[in-house]
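Put the two chains together into one complex, using the hints given.
Taken in sequence, the protein lines are chains A and B. For the first sequence, the working numbering gives the first residue as 46, with consecutive numbering after it. For the second sequence, the working numbering gives the first residue as 114, with consecutive numbering after it.
Worth flagging that the hints you see were computed from the coordinates, not collected in a lab. Among the hints, a few may not be true.
As the list claims (entries may be wrong) - Have a look at the derived ranges for each label pair, beta carbon to beta carbon: (1) A:D110 to B:P250: 18 to 26 Å; (2) B:G240 to A:H184: 17 to 25 Å; (3) A:E247 to B:L399: 21 to 29 Å; (4) B:V400 to A:E136: 51 to 59 Å.
Keep in mind that this is a model prediction, so the values were computed, not measured. For glycine and all other residues, C-beta sits at the position ideal for the given N, C-alpha and C.
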Amino acid sequence: MSSPSSASRAAPAAAPEPTPSAAADAAGAGVANEAVVVRGVERIFTGAKGATVTALTSIDLTVHDGEFVSLIGPSGCGKSTLLRLIADLDEPTAGDIRVFGRTAKQARVDQAYGIAFQQAGLLPWRTVAANIELPLQLHGVGAAERRSRVAELLDLVGLTDFARNYPDQLSGGMQQRVAIARSLAEQPRLLLMDEPFGALDEMTRERMQTELLRIRAETGAAVVFVTHSIPEAVYLSDRVVVMSPRPGRITDEVDVRLGDAAERGEDLREDAAFFAGVTAVREALHGPQAAPASGGVRGVDVR
Amino acid sequence: MTTSTATPRARRANRWRAVLWGALGVLALAALWELYKLVGPVDGWLLGAQEGRTGSGFRLLPRTSDQAMPHTWEMFARIVEPVTRAPGSLPLGAVVLLAALVSLGVAALGWLVGVIVGFALALLMLGFRIAERAVLPFVILSQTVPLIALAPLIRNWGSRLEFGAFSWESWMSVVIIASYLAFFPVAVGALRGLQSPDAAHLDLMRSYAAGWWTTLFRLRLPASVPFLIPALRLAAANAVVGTVVAEISVGFTGGIGRLILETAVAASSDPAKPWAPILGAVVLGLVAAGFVALLAAFLSPFRRQETVA
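In isolation and in its complexed conformation, chain B is listed as follows (with noise of 0.2 Å):
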């Protein structure tokens, strides 16, 4: 909660030493990765091995060598060479760009529909009492069965639709996965906040006579913006786990996901490759955190803190 007190110089002060101090944590990171492949064992640890029988023992991974663990700064200069030694191909940090600017279409898509899903609910259980109780076992319970499991399902089920000229395309079962991975902060984060409201301000709505849907609009909605803003941005990091996961298992060619499966394969002779664009899902996270950041300083009105007398 930003103080009002503050002026908007200290303000600005402070934003700098938060983007210096994420700077320090990501070359701390490094460093660690660095130091760690120059005193690591080679091949990992090898533990309760006899002597002169080979294969025997637990390996303890990570291993150092360069396939496994490729220096830092080999895979960052991977990022601007071509994709493959075709001519004409792309830098690998310009296919790793265009693949995960579809991801982010494809889990915007899937937040939106999971926050428009989860916010449903969360009036349909707000509003009837049995609601609260038949449904919100299963919300709950949808959160236990495996991605895995649920993405062959969806796309077999998205196959059988038809109707006119419409066709199912595999990018619409990542949407749905990515969804169903975000609806679920957001319906029992909306929940929570839309039974904020203390008693006192409830009675005093009922005693201006206001109905059920001024009282939303007045009280209900504004006052579930603070347990609404974590939920969305869990809701939005669910989501681009969610479109990276389904786009391997739907099989859906074009997104970050896939890239990240396509990339691995070449490991062995390019090991500094399939990272490339792991960090592209990295920051395509941190674009989703970044834009619910934005939604979160328009609602920060609602966001303050009630002083209790």
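One chain only, chain A, in its complex shape (with noise of 0.2 Å):
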């Protein structure tokens, strides 16, 4: 993976200059150099008849620059809401969100971010070059500077032969691909992903993992990946952030640091360091098997 080859190649793509409105925010506060800063955050959704569902509360989080940090936890427990929380799709009750210390909505009109969903989410009528290249059309980005970009990325997430095919024409794996080379059309040092491999079978999930490793080793960009598989944050986390449903919190987090991002490889899955961390983490989520009375997490069924 880190071979002199794909290093050479990473260049363009990786290219770390900031965004001028990024340079010009960066200047001053220190959370500026935090990918993410969430202080006191807390999301409560209002359903008819005025029945209150408290989705998140008193949630702290800071994501650094360039870490891969992973959100697990049980269906319900916010995971998912914090990431809607950071990339400004939905708006917290309470707190307050930085990107770079940006404000989450000026992070959002500053294209801090790119975003990757369970679902690829192509447009079916275009292409799988066009679809890449959708945000820089939307944005203004010229001609020539969008197919050279295009190229680029087809060739990151080795898709260059299917450049004018169809989504529908693609597999499930070769979708999401597409759908991470348009995230990261517009160099976001910043990579929110919401499951983005949970609809894929086993075999190809694990090939998407090593591949986004690699991907995200070139580009340098920070993660925030939401899942709920614990092997899979594990295998690709700096930092495991453990939450745990009604209401959705932060319970504990897990430093994992199985090694440089580019160097992990598919033997890493059956390195102990990986079963080390598989277990610290499933024994957060669950409180330990030892004294499940006193286990410190609360609401979090024991299976």
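Below is the structure:
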């Protein structure tokens, strides 16, 4: 993965030049150096008949620049909601969110992040190349520059031969790779991913995980990755943030750091450190098996 | 949905097969007609008649007499014969064709007005939730008003319109009535189509900080095409039906609807004659449907189904 050829190929795609607005904002507050800073965030949904559901409460989270952080927890723990708040697809009821020192809304308007969902969400009437091009086109990037950037991205995700194909001609894994390429189109320093491999079969999934690590090593972007798979979180992350439901909150953080992202290979999945990480995250999720009654995590089914 | 794997040759073969089946269908219909004419009772079926009492019982149509059901070949032969015995009169077919062209023009105008109005309503309902709740019931209600009742009203209102050199012509009433029938499927279909993008696509556009209009042009409009094509086809059929019916009730002369009425009067002496303009109306509908199919072909890139991963 860290062969000279892939390193040299990374150079154009990874070019870590900050966008003009990022540079302007970066001067000043210390939080500007962090990719994401979440302080005291709460999200309460108001349903019909005034019933309220507390999806998230007192969330504090910092994601450093270039760090890979996974959010893990059972369904309903608000991990996707937290991601949507960071992406400014939803607004917190209370608390403050900063992305590279800017408000979440400003970060969205400035295109400070790229995003990928569980569904690839490709536009079926656009070719693979045109789908990757979409964000660039929407933001008025010139045709020549678009073409060269799309060529780079296609190369990065290994779909150069499929540039003119339509999404319905691709497998699920390939569609998801197109979606990842699209999320990288504007060279964001932050990637937000909501269970991007959740709909894929196990084999494709493992291959995509390794591929994501390679892409991430080449781009150096910070990643916030929502998943409900423990091995996936451990394999990918520098840090795993464990959440629990009713109300959704952060209960624990597990440092994994299985080594440099670029050097993680398939054999890592059979490494003792990997299993230790899986055990640590599992215990953080369910509480230590020995003492279920006194387990620190309330409201989590011990199954 | 055409699969992209089909070769051009296979697709051409498919098209010819479709034409063949269509022709067979027409022939089968003609054969059925002739078969019933052969075996069916001349005066139709008389049910529950009491012996010795004339005029008792129900008569079930159709009669198979030459007057009620002329032979199919007579109908076709009549098309090339002159309209009347007056010297220099055109063949019936030519008269039908001219009338059909007039009606086609009127129907096309009605379709266009209906599509524009329908689309504008759909956009309004898309943009404002309140508009959807306020307008949609009326859009649906509008289609329950009988067309025949509407025609004199529209002619009446139209005739009161006068500004400058403009004066209301009867064909305009026909256009309005045709558009009244045509706008409904477009309004409903376009609204459904514009609302069809799923949440992930809308989230994506939001994450790109794309505004309402950008989202409309880049996402909603392309996504609406698969819903729009059937709506446009329905609107075309409705516009043709509306035109034919409105011509009769408004009293607009020169179109195919009026010709159907006129030739029907001559049916007792010339039974094959009214079938020619009826056939003309059928062809008119086919041309309208063909036009929409042509439109659909141009929009085919937008009709790809998204396969879910």
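Numbers of the earlier hints that this structure fails to satisfy, in rising order: 1 and 3
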